[in-house]
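Undergrad: Starting from the known structure of chain A, fit chain B onto it as the hints suggest.
Taken in sequence, the protein lines are chains A and B. For reference, each letter of the first sequence is one residue, going 1 to 238 in my numbering. For reference, each letter of the second sequence is one residue, going 1 to 260 in my numbering.
No lab work stands behind these hints: they were computed from the structure. Do not take every clue at face value.
[As the list claims (entries may be wrong)] Listed next, with one range per pair, are the computed distances between beta-carbon atoms:
no.	chain 1	residue 1	chain 2	residue 2	range
1	B	L33	A	Q201	50 to 60 angstroms
2	A	E71	B	Y246	41 to 51 angstroms
3	A	V135	B	G127	46 to 56 angstroms
4	A	T75	B	F224	51 to 61 angstroms
[What the hints assert, rightly or not] Here are the simulated EDC-like pairs of lysine to aspartate or glutamate, each with C-alpha atoms no more than 20 angstroms apart in a straight line:
no.	chain 1	residue 1	chain 2	residue 2
5	A	K110	B	D23
6	A	K110	B	D14
7	A	K110	A	E122
Here the structure is a predicted model, which means the values were calculated and not measured. Quick reminder that beta carbons are idealized off the backbone N, C-alpha and C, glycines included.
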Amino acid sequence: MSNNNLVLSMHHVGVAYRRKKGIFGDIFWALKDVSLSLHHGETLGVIGRNGAGKSTLLRLIASIIKPDKGEIIHTQGYQASLLTLQLGFVPYLTGRENAILSGMLLGLRKKEIMAKLDAIIEFSELGEFIDQPIVTYSSGMAARLGFSVAFQADPDIFLIDEVLGVGDAEFIKKSTTVMQQKIKTNKTVVFVSHNAALVNQLCDRVVWIEEGITKAEGKPKEIIAMYDDYLRNHAKTD
Amino acid sequence: MKINTFEQIMRYTDLILYKTYADLRAETERTYLGFLWWIFEPVMYMSVFFVVFSIFMGHKTDNFVPFLLVGLTIWQWMKSCLSHGSESILGYRGLMQYVSLPKVIFPIILILTDTVKFIFIFTLLLGFLWLSGFSITQSYLALPILLIVELLFTTAITLFLAAIIPFFPDLRFVVENVLTAIFFGSGIFFSVSSIPPQYHFYFYLNPMANLIEDFRNVLMYNIFPDWHSLLVIGIISILGIWFSVYLISRFEYIYPRITA
Chain A
1 MSNNNLVLSM HHVGVAYRRK KGIFGDIFWA LKDVSLSLHH GETLGVIGRN
51 GAGKSTLLRL IASIIKPDKG EIIHTQGYQA SLLTLQLGFV PYLTGRENAI
101 LSGMLLGLRK KEIMAKLDAI IEFSELGEFI DQPIVTYSSG MAARLGFSVA
151 FQADPDIFLI DEVLGVGDAE FIKKSTTVMQ QKIKTNKTVV FVSHNAALVN
201 QLCDRVVWIE EGITKAEGKP KEIIAMYDDY LRNHAKTD
Chain B
1 MKINTFEQIM RYTDLILYKT YADLRAETER TYLGFLWWIF EPVMYMSVFF
51 VVFSIFMGHK TDNFVPFLLV GLTIWQWMKS CLSHGSESIL GYRGLMQYVS
101 LPKVIFPIIL ILTDTVKFIF IFTLLLGFLW LSGFSITQSY LALPILLIVE
151 LLFTTAITLF LAAIIPFFPD LRFVVENVLT AIFFGSGIFF SVSSIPPQYH
201 FYFYLNPMAN LIEDFRNVLM YNIFPDWHSL LVIGIISILG IWFSVYLISR
251 FEYIYPRITA
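Only chain A is shown next, with the shape it has when bound in the complex (with noise of 0.2 angstroms):
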C-alpha cells in the first residue's frame, strides 16, 4: 500500500498510568512499544489477550489521550471515534433529545444529526416512542436507540471495541448485518477483538498486541495462527 493515503501512523508509542499505591504511587506502561499504521478504507484488526493494551491504543487513536513516549501522526482532516453505545444519554429525556444530544457528542453538528434523524428512528424501531423519555424504555428499546445514533455518527475512522451488535436477538442480527457491511465498504475501520475467526473474516490487515508491545502486523491469516500458537504455547506453560 502506498504511503499517500495513509490516515495515521503510529512510532514506538507507549502510555504509562501512575497507579496511586502509598504515598509515591507507581507507573505503569499500558501500552510500552506500539508501532502502526492505517490507512485509507482499510480494515485494521487489532488482537491481543484481555490487558495486552487494546483499549489504550483505542483511546490514543480517538485522540482521547496522547501518548508519553512515541509519536502519532494523523492526516488532517480525518476524524476517529470510538463507537460508543448510548453516550450521555440522560434518562429523563425523550428518545429524540436523547438522540440529537448524543449525535452531537459524538461529533455531528446539530444540523448533520437533525437530517439523519429519521434514518435513526426508522433504525431503532422506536415508532412513537421516540417521543418518550427513556426511562420509559426497555434495556433492549434504549441499545437499539443507541446503536442507531453511534452507527449513523458515521466517523471517518470508525474505532469499534468487540460489539458490533446490541439488543434483543432479533436486533443483534440486524446491528451486526449492518455493521458488517459498513466495514467491508471503504470505510476506515479499527476493529479490536479477540475473537479471531471474526477478525480473520473482517479485516484487511491484522496488528497483534501482547503486553503492550506489537509482536506482530501483517495478513490476518498469518497473523491470527501465530496469535493460535502463543496461545497454545501459553495455556501449555501455563
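TA: Okay, now just chain B, sitting in the frame of chain A:
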C-alpha cells in the same frame, strides 16, 4: 498541532447550548412541579433569612428585606455556578473516556444552566422590588454591564477551579468552606457603613462585595455603580478566563487519564 481553544468553543456552541437545554429540561422532568422549583427553592431559601433577620431580629424598617434579597440573589448566582461548574471536569470524566471533546465546554454548560435559573430568580426579584415601591430609574442603564461583569467574574473562578479540581479533588471541601466565609464577608447582611472605616479597604478587595453594593445602588438607590472597581474586576476576570482556558487546554489529554 496547535488548536485555538476559543475557535474550538465556537465549533461546539451547538453542543453547549443543546446540552444546557437538555440538562435544564431533564431537571424539570424529574419532579412533579418541574421548573417551578427554580422559583420555589430560592424563595424558600430566602424566606429563612427573611424570618430570621426581619422577624426574629426585628429589622423592620430601613428596607432591610429588599436589601437582603438583592444581596442573596446576586450571591446565589455566583455561588451556584461556582459549586456546580467547578466540579464539572471531574464529573464528566466518564464521558471523556469515549469522546475527545474540549473539556472547557463542561464548566461552560454548568454556568449557562445556572445562569438561566438565575434569570428567573432575578426577574422575580425585580418584580418584588417594584411591588415594594422601588421603581425603574436611570441607573438601570448600568444593569447590563453589572450583569456582564459578574458573569465574567463567575466564569473566571469557575473555570479556574474546574481546571485544577480534577488534580486535587479534596479542594472541593475547601471551596465550600471558603465560599461560606466569603458569603458572610460580602456584605449580604450589612452595608459597608456598618463596619469601621479602617477595614473598608479589605472589604472592597472582595469582588462580590463590590458587585453586591453596585447592584443595590442601581436597584434601590438610583446610584450608578463604581465604574473604577467594575473595570478592574472586569479586566482581572477576562485575564482569569484567558488563563483558565489556557490551563484547561493544556491538560486536555491529561484529564481523561485521571483515575480517582
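Undergrad: Is the hinted pair A:K110 and B:D23 satisfied, with a Cα-Cα distance of at most 20 angstroms?
TA: Status holds; Cα separation ~17 angstroms.
Undergrad: If you check the beta carbons of A:V135 and B:G127, does the distance land in 46 to 56 angstroms?
TA: 35 angstroms Cβ-Cβ, so the 46 to 56 angstroms window is violated.
Undergrad: Between A:K110 and B:D14, does the CA-CA distance stay at or below 20 angstroms?
TA: Distance ~6 angstroms between A:K110 and B:D14 Cα, so the pair holds.
Undergrad: Taking 51 to 61 angstroms as the hint, is the beta-carbon distance of A:T75 and B:F224 inside that range?
TA: For A:T75 and B:F224 the Cβ distance comes to about 57 angstroms; the hint holds.
Undergrad: Are A:E71 and B:Y246 spaced within 41 to 51 angstroms by their CB atoms?
TA: violated (24 angstroms)
Undergrad: Using the beta carbons of B:L33 and A:Q201, state whether their distance is inside 50 to 60 angstroms or not.
TA: With a Cβ separation near 55 angstroms, B:L33 and A:Q201 satisfy 50 to 60 angstroms, so the hint holds.
Undergrad: Taken at face value, is the distance from the CA of A:E122 to the CA of A:K110 at most 20 angstroms?
TA: The hint holds at about 19 angstroms.
Comparing the model with each earlier hint shows violations of hints 2 and 3; every other hint is respected.
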